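Protein chains: 2
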Amino acid sequence: MDKHSLLETQSRILPYVHNTPILTSHLLDDLAGAKLFFKCENFQKMGAFKMRGAVNAIMQLTKAQQERGVVTHSSGNFAQALSLAARNLGVTAYIVMPTNAPKVKKEAVLGYGGIITDCEPNIQAREQAATQIVEKKGATFIHPSNDLNVILGNATSAMELLEAQPDLDFVVSPVGGGGLIAGTALATHYFGQKCVVIGGEPLVADDAYRSLKTGKIESNDSAHTIADGLRTQLGDINFPIIQKYVDHIIRVEEDEILRAMKLLWERLKIVVEPSSAVAFGAVLKDKSYFKDKSVGIILSGGNVDLDTIKFS
Amino acid sequence: MDKHSLLETQSRILPYVHNTPILTSHLLDDLAGAKLFFKCENFQKMGAFKMRGAVNAIMQLTKAQQERGVVTHSSGNFAQALSLAARNLGVTAYIVMPTNAPKVKKEAVLGYGGIITDCEPNIQAREQAATQIVEKKGATFIHPSNDLNVILGNATSAMELLEAQPDLDFVVSPVGGGGLIAGTALATHYFGQKCVVIGGEPLVADDAYRSLKTGKIESNDSAHTIADGLRTQLGDINFPIIQKYVDHIIRVEEDEILRAMKLLWERLKIVVEPSSAVAFGAVLKDKSYFKDKSVGIILSGGNVDLDTIKFS
Chain A
1 MDKHSLLETQ SRILPYVHNT PILTSHLLDD LAGAKLFFKC ENFQKMGAFK
51 MRGAVNAIMQ LTKAQQERGV VTHSSGNFAQ ALSLAARNLG VTAYIVMPTN
101 APKVKKEAVL GYGGIITDCE PNIQAREQAA TQIVEKKGAT FIHPSNDLNV
151 ILGNATSAME LLEAQPDLDF VVSPVGGGGL IAGTALATHY FGQKCVVIGG
201 EPLVADDAYR SLKTGKIESN DSAHTIADGL RTQLGDINFP IIQKYVDHII
251 RVEEDEILRA MKLLWERLKI VVEPSSAVAF GAVLKDKSYF KDKSVGIILS
301 GGNVDLDTIK FS
Chain B
1001 MDKHSLLETQ SRILPYVHNT PILTSHLLDD LAGAKLFFKC ENFQKMGAFK
1051 MRGAVNAIMQ LTKAQQERGV VTHSSGNFAQ ALSLAARNLG VTAYIVMPTN
1101 APKVKKEAVL GYGGIITDCE PNIQAREQAA TQIVEKKGAT FIHPSNDLNV
1151 ILGNATSAME LLEAQPDLDF VVSPVGGGGL IAGTALATHY FGQKCVVIGG
1201 EPLVADDAYR SLKTGKIESN DSAHTIADGL RTQLGDINFP IIQKYVDHII
1251 RVEEDEILRA MKLLWERLKI VVEPSSAVAF GAVLKDKSYF KDKSVGIILS
1301 GGNVDLDTIK FS
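Just so you know, the sequences run in chain order A and B. Position 164, counted from 1, in the first sequence is what this note's numbering calls 164; the numbers after and before it change by one each time, with no gaps. Position 149, counted from 1, in the second sequence is what this note's numbering calls 1149; the numbers after and before it change by one each time, with no gaps.
Treat the hints with caution; some may be incorrect.
Dumping the calculated DSBU-like pairs for lysine-lysine here, alpha-carbon to alpha-carbon at most 30 Å [what the hints assert, rightly or not]:
hint: 1; chain 1: B; residue 1: K1310; chain 2: A; residue 2: K285
hint: 2; chain 1: B; residue 1: K1105; chain 2: A; residue 2: K287
hint: 3; chain 1: A; residue 1: K310; chain 2: B; residue 2: K1285
hint: 4; chain 1: A; residue 1: K262; chain 2: B; residue 2: K1310
hint: 5; chain 1: A; residue 1: K262; chain 2: B; residue 2: K1262
hint: 6; chain 1: B; residue 1: K1103; chain 2: A; residue 2: K262
hint: 7; chain 1: A; residue 1: K35; chain 2: B; residue 2: K1105
hint: 8; chain 1: B; residue 1: K1310; chain 2: A; residue 2: K103
hint: 9; chain 1: B; residue 1: K1262; chain 2: A; residue 2: K103
hint: 10; chain 1: B; residue 1: K1105; chain 2: A; residue 2: K310
hint: 11; chain 1: B; residue 1: K1244; chain 2: B; residue 2: K1310
hint: 12; chain 1: B; residue 1: K1105; chain 2: A; residue 2: K103
Distance windows between CB atoms, simulated [to be verified]:
hint: 13; chain 1: A; residue 1: E107; chain 2: B; residue 2: D1286; range: 25 to 31 Å
hint: 14; chain 1: A; residue 1: D255; chain 2: B; residue 2: H1018; range: 30 to 36 Å
hint: 15; chain 1: B; residue 1: H1224; chain 2: A; residue 2: Q243; range: 55 to 61 Å
hint: 16; chain 1: A; residue 1: Q193; chain 2: B; residue 2: E1135; range: 55 to 61 Å
Calculated from the structure, these hints are not laboratory results. Small disclaimer: the values here were computed from a predicted structure and weren't measured. For every residue, glycine included, the Cβ atom is placed at its ideal position computed from N, Cα and C.
Just chain A, with the same shape it has in the complex (with noise of 0.2 Å):
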């Protein structure tokens, strides 16, 4: 977790992922009252950033481990990014999935060759399911944000955002289970120059917010977000990089969600899930506090299922 094992990970996964391209818009500048630069992570593999994670985790394996295959659980990206990340480097990837989980999600994990279990929606079930495919097949659990290696592949977006704008004063990431924004804060420990990395979190599941309040891992009892992405809570291995390294979690609210998403999709002209639209639904929610300023911000991904999306 030092300077030289981000840009070991950032060499290692090279030619694995995209380095995501970095939108502006006047018109989003004007709107925010500050200058944002959005890295695009809805263009990386498999329209998320999970597939950096996925990546580095799958490389960081035993060859022995890596010919015995990987098990996940996750509602979504993760699940493809998995079965992407492993179909590209040979291994054999086993994704546990929710009855619940969207439709597109799990069309894109067969079409990435994953073999999915399926199983209740809830934490207990998958992590059962999980636990029989180890024990059964020999396969190595790898968690979606709870990973070392996986928080350190997912911070090559934010060195790349760095790369491109060294100066930003923020970084504004959103948190689900606390692997992006973990990465993110490492990676702008590290290569940012005094920035500062804001979290953006539903309301409605607001376990990470008050998990910063108490000093210790909090759960949502329900998490009726949009984000679906971001029902999730943080872990022991990515919390303490939390706390140590993000300053403040902002809260956003369902309709600032929405209206964020669409403003992005409108003025970038590009598609980015709910998830992506919290982060910068924070900035426009706290505009004094960015006034100004250089703002980065993460799109995690653009994995949207088209049916489900009504504006108005």
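Based on these hints, arrange chain B on the given structure of chain A.
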């Protein structure tokens, strides 16, 4: 209308337009059975290729003409393009818009500083209102598609595409008023290597298809297509170019347009308007014709009223 005038046009407008990105997708290639290169005019300034023609047309006016302003009638993108191009060149733009024009497009015209005159949604009312402004203000009328300088400006999109991909077998463009496909055809004639130009047109507004058959400009009795940019008919300046340099036009049904648009949004993670999806829809419709070929597709723009789009 020779190679030299195209190159001059490209240099002239260079400071005022983007060289837009070209996107590719393995998945869409597999689906089409061809190698596809999507020229993303949705990322052009004001969100559509029309900016190219508008800039060029204004720049070709005398200083005295520029001081008296420009006027056009347009239901959409050209209104925005002329407004923004005029503002960037220090010129006044008068825009005649039908009362039923999409709300986002009217707002955008106002945002770019265009001065709107409302008119009834028929071609006679539009032309009358524009003529009044020409007489009253001394402004120069610029037609959205039937103007040689507009056509030459529009041609620069395909020029950039062929610079990046010189050995394309086909370039496919949507056909509405004819200004884009005429420019595309000129660019491809002078800068392509045996590259063939194909049009994509909505079946329910197939005036250009019929015009090529009969040899005279046909019109549509009705044009209830989702591709709102393609409801207009050809003009006497662009039609001879289209007759000479466009191989043929493929007609696409409404559900095929919507399906093509959904694929572009889902897979390329970009927002394109229905008119853009018509060109891609044409390639999907006639797969055997394009099989294993290199195909450039002009995605004309990304200005969509998101409130009106329903994929299911």
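We went through each hint and held it up to the structure:
no. : hint                            : result
1   : B:K1310 with A:K285             : holds, 28 Å
2   : B:K1105 with A:K287             : holds, 27 Å
3   : A:K310 with B:K1285             : holds, 28 Å
4   : A:K262 with B:K1310             : holds, 14 Å
5   : A:K262 with B:K1262             : holds, 17 Å
6   : B:K1103 with A:K262             : holds, 15 Å
7   : A:K35 with B:K1105              : holds, 25 Å
8   : B:K1310 with A:K103             : holds, 18 Å
9   : B:K1262 with A:K103             : holds, 15 Å
10  : B:K1105 with A:K310             : holds, 20 Å
11  : B:K1244 with B:K1310            : violated, 38 Å
12  : B:K1105 with A:K103             : violated, 34 Å
13  : A:E107 with B:D1286: 25 to 31 Å : holds, 26 Å
14  : A:D255 with B:H1018: 30 to 36 Å : holds, 33 Å
15  : B:H1224 with A:Q243: 55 to 61 Å : holds, 58 Å
16  : A:Q193 with B:E1135: 55 to 61 Å : holds, 60 Å
Hint compliance for this structure: hints 11, 12 are not met, and every other hint is.
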